[in-house]
Amino acid sequence: LAKTTQPISMDSYEGQEVNITCSHNNIATNDYITWYQQFPSQGPRFIIQGYKTKVTNEVASLFIPADRKSSTLSLPRVSLSDTAVYYCLVGLNAGNMLTFGGGTRLMVKP
Amino acid sequence: DAGVIQSPRHEVTEMGQEVTLRCKPISGHNSLFWYRQTMMRGLELLIYFNNNVPIDDSGMPEDRFSAKMPNASFSTLKIQPSEPRDSAVYFCASRSGAVKSNQPQHFGDGTRLSIL
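From first to last, the protein sequence lines stand for chains Y and R. Residue numbering for the first sequence follows the working numbering, starting at 22 and increasing by one per position. Residue numbering for the second sequence follows the working numbering, starting at 28 and increasing by one per position.
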């Protein structure tokens, strides 16, 4: 079970780019890297997933170096509504092979 | 498209009472997960079903907790008898794919349970 380490909290301002890095030194060959976003009183919401290199969708980008021991979620031009907890998960979506860590609490300020 | 639907959204009951939480997964999804979230322990996986069969229930805290999935469109999580330490937000999630799949999970908005 790959353990992840990410910052507990981050602050940013509206319009800035935010990069949240997650460390996963013992990632396995078959593991994918998935990021979720959670707002208060809501369930986690899937943001992006990748295996290697770079993945981009309409919400975010995910950068994964060649050794795959870390990954960086990039949120372009954040707004106040991006204030949330962001979770990095490593593994296949199978039972307890997918464990949510403490997440990163992002606060976007005006 | 309808997402994962959980009911009730809020439940307040006295200790010792039976509590039943309900979940309707997204149509076509064949895997269903029950989680519990607290400030102290974060998000914990309780049990995971694939094709209505429990695959991993190692996260179920004790015998007071039980979960069923009688068909592909409905699951229940039952606590009997309930205790104050069971107070938490309970989430249900579903996804498509095999037991080990990279398909992302889709979460409901949870049931906030308070045991007095």
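Please keep in mind that the hints were generated in silico from the structure rather than gathered at the bench. We put the beta carbon where it would ideally sit given N, CA and C, even for glycine. Worth double-checking, as some hints may not be accurate.
[As the list claims (entries may be wrong)] Distance ranges between label pairs, derived from CB positions: (1) Y/Phe60 x R/Pro35: 33 to 43 Å; (2) R/Pro97 x Y/Glu35: 24 to 34 Å; (3) Y/Lys24 x R/Glu45: 14 to 24 Å; (4) Y/Ala49 x R/Leu143: 22 to 32 Å; (5) R/Pro97 x Y/Ala87: 45 to 55 Å; (6) Y/Ser44 x R/Glu71: 20 to 30 Å; (7) R/Lys95 x Y/Pro61: 42 to 52 Å; (8) R/Arg68 x Y/Asn47: 20 to 30 Å.
**Request:** Give me the numbers of the hints this structure contradicts, sorted from smallest to largest.
**Result:** 1, 2, 3, 4 and 7
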